[in-house]
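Protein chains in written order, with our numbering: chain A, 1 to 571; chain B, 1001 to 1160.
Check the hints yourself; a few may be wrong.
Each computed BS3-like pair below joins lysine-lysine, with the alpha-carbon atoms no more than 25 Å apart [unchecked claim]: (1) 42/A with 88/A; (2) 13/A with 139/A; (3) 139/A with 1080/B; (4) 66/A with 13/A; (5) 1148/B with 139/A; (6) 525/A with 491/A.
Not everything, but these chain A residues come out facing chain B in the computed CB check (under 8 Å) [to be verified]: (7) 24; (8) 26; (9) 27; (10) 97; (11) 149; (12) 152; (13) 161; (14) 227; (15) 277; (16) 357; (17) 410; (18) 462.
Think of the hints as simulated: they come from the structure by calculation, not from any bench. Where is the CB? At the ideal position from N, CA and C, for every residue including glycine.
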Amino acid sequence: MENKAPVQVLKEKFPDAILGMDDFRGDLSIRVKGDNLLSICKSLREDERTDMDLLLDLCGVHYPQKDHQFEVVYHLYSLTKKHHLRLKVPLKESDGSVESVIPVWKTANWFEREAYDLFGIKFKNHPNLRRLLCHENFKGHALRKDYPPDLRHPCHEVVDLITDNTIENPEDREFFETGEKPPRREGYIVNIGPSHPATHGTLRIQVLMDGETIVRAEQEIGYLHRCFEKMAETHDYYGVMPYTDRLNYCSSFMNNVGYAMAVEKLMGIEIPPRARYIRVILSEFSRIMDHLTCIGPNLVDLGALTNYWYTFQPREEIYGLLESCCGGRLTVAYARIGGLTFDVPEDFEAQCRAVLKMIPPLITDVDKLNKVNPIFQKRTREVGVMSAEDAIQWGWTGPCLRAAGVPYDVRKAHPYYDYDKYDFDIPVGTIGDTYDRYLVRMEEIRQSIRIIDQYLEHLPGGPVQTDDLKVNLPPKDAVYNKMEEMIYHFKLVMHGILPPEGEVYSFTEGANGELGYYIVSDGTKNPYRIKVRPPCFPVFQAFGPMIEGLMIADAVATLGSINIIAGELDR
Amino acid sequence: MEGSFFTTRLNEFLAWSRRNSLWPMPFGTACCAIEFMSVAASHYDIARFGAEAVRFSPRQADLLLVMGTVTDKMGPVLKKIYDQMPEPKWVISMGVCASSGGFYRAYHVMQGIDEIIPVDVYLAGCPPTPEALLSALMKIQERITKGKSASLEKGPEYGE
């Protein structure tokens, strides 16, 4: 156990609160009593030995057989100490609730609402404990084990997010003090989405306007809640793979890799070097694609249509590359637990080099069109600013956090797949405005090109799938002619892969930030619980406060720049 | 006699102009919408079929492209948008999610948009390739030529 600090702090300050500790596959996990959860979290955050400044994820797990039917699981991270910690709070349904941790991490708000929605876990002192993903007419709590996966409830209405359209001005307060009636002003409410060209997906925002200025903004999500987590529980570990494609569908392959890595961590298996390298190369191509899908439409929203054609051309080429590897363009399902489906085509390197060659001129063209363009500057500079401190409070990761000046990148902080062996830089912004986010993404595209170039140079030979017969089907020839292989084949096909009991949190640097998978296994062929830590989710949560005081047109520019992908946001 | 002869020709003329200037309303919810973006971009170029005038206002559109998973929460929104479109109108259900719920047999996913709106062309694939979307567009053109429309056949009460 290399990360002892949280244990020390908790033992010193709350000796009675600790219920148990666990260190499965290097993930430190502490079970604590829920009684003074808020103070525990406060000390973990404020004590300089732990400094847990980022709440990565919060979720519930349902154990109907156990004494405590629920567990609330907190994944914490310290940006300075580079430590992860999993905090688990057992909860009886009869006990009622756990304390909300919003005072410590603002980002907990939506996570807690989600846990309430899907499990019925109540959070004490939560300001707005309503359903988040499911619609208002929904009955029951979908991720409880006794809830049938396909039981639907009809939805008839779209609810208003803002009902009160009176605007209180700070100046109005004088009137209150003098006892006179304040001049009531009525603002007007504008609804944007969930089907709107500027939302690039199924997001909904309602804003209260005072003239041209946004006074208040409320977001609603869940319009693309496709029940990924419930579906994962009803499929075996292999069967989950295609579902992961559809989380962030702009960079499907990265979700595949994140999921496969998580299961490999759970099972403790290593994959061959060639598979690792191909995973990195195609992941970086996916990152390029994702950033281009963000930048292109964002610029279209700002009126710069030409960029759309420039940014979509390399995407087509990368699609072609992926198609030649696995047959799929968009939803690839190319990674497998233990490696890849099959090897890349013979001319893979030549194809990659050709794509790498064509991207830089197009990127440069886009930059030339925008960087010195006064309209673009005026629309993006100091618009949608998010300071580093706030971004951390909101649980941001990825390019948006880096644009705010925090150089946190999983590839550097916790290198996997040899990222530490090769040169690349982490671009950071200065003030975290829309312009910075544009610059960071553009630079990341260039850095990805650098990474791919080096990995191609050192691409090893050999197999792309592990020879561990617990996860990988033996060759057909051996299945027909050898007893042992036939048994393995039978076992794998009939029973699926069977990881040991335990739980892991595995994380990679997705295109939008830290993409984490928290998998709970009970030793059977289906995952007991999979929780995705979607990078978009905390980012979009902060969107409302971000656009207050701006104009609608600025909100559109800001929304495009934070790259919200509904598939990943709502899961 | 002359009157009826003239009417037929006018219908044909209208169908000819309609099928070559479809104004799609892209109701893109998920992955399929990304493939639509490819169809709209230069490589596949939907403009070759006269359908590049994408309108996000349903009142100006005559082809509803439902692309991606429609959840129960989204249902009322889709229905409203469909109702706002003037006749004649056509609907393409792009991808298996919109057509049947796809592999999301789940508590929050509509098992096919034909639960609430009539559909002219169902398109298989997850997501369908850009070529497949173009072929669906050509199917719609055929239907226009023949004077067929699911909206007219099923009547306004459909899905109530």
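Each hint, compared with the structure:
1. A C-alpha spacing of about 15 Å is found between residue 42/A and residue 88/A, which places the hinted pair at or below 25 Å, so the restraint holds.
2. Straight-line distance between C-alpha atoms of residue 13/A and residue 139/A comes to about 41 Å, which puts the hinted pair past the 25 Å bound.
3. Annotation: proposed proximity of residue 139/A to residue 1080/B holds, straight-line Cα distance about 24 Å (limit 25 Å).
4. A distance of roughly 29 Å separates the Cα atoms of residue 66/A and residue 13/A; the hinted pair therefore is violated under the 25 Å criterion.
5. As the CA atoms of residue 1148/B and residue 139/A are separated by approximately 40 Å, the hinted pair breaks the 25 Å bound.
6. Using a Cα cut-off of 25 Å, the hinted pair residue 525/A and residue 491/A holds, with the two alpha carbons roughly 11 Å apart.
7. Interface hint status for residue 24/A: violated, as the beta-carbon distance to the closest one in chain B is roughly 30 Å, over 8 Å.
8. This hint is violated: residue 26/A has a C-beta 33 Å from the nearest C-beta of chain B, more than the 8 Å allowed.
9. Given the 8 Å rule on beta carbons, the hint for residue 27/A is violated: about 29 Å separates it from the nearest Cβ of chain B.
10. The criterion of a C-beta within 8 Å of any C-beta in chain B is not met by residue 97/A, whose closest approach is roughly 24 Å, and the hint is violated.
11. A distance limit of 8 Å between C-beta atoms decides the matter here; for residue 149/A the minimum to chain B is near 6 Å, and the interface restraint holds.
12. Of the supplied interface hints, the one on residue 152/A holds, with its beta-carbon coming within about 6 Å of a beta-carbon of chain B, less than 8 Å.
13. Because the beta carbon of residue 161/A sits about 13 Å from the nearest beta carbon in chain B, more than 8 Å, this interface hint is broken.
14. Among the interface hints, the one on residue 227/A holds; its C-beta lies about 4 Å from the nearest C-beta in chain B, closer than the 8 Å criterion.
15. Of the supplied interface hints, the one on residue 277/A is violated, with its beta-carbon coming no nearer than about 27 Å to a beta-carbon of chain B, more than 8 Å.
16. Proximity of residue 357/A to chain B is violated relative to the hint, the smallest CB-CB distance being about 18 Å (cut-off 8 Å).
17. The closest approach between the C-beta of residue 410/A and any C-beta of chain B is roughly 25 Å, which is over the 8 Å cut-off, so the hint fails.
18. With a least beta-carbon distance of about 32 Å to chain B, the hint placing residue 462/A at the interface is violated under the 8 Å criterion.
Hint compliance for this structure: hints 2, 4, 5, 7, 8, 9, 10, 13, 15, 16, 17 and 18 are broken, all remaining hints hold.
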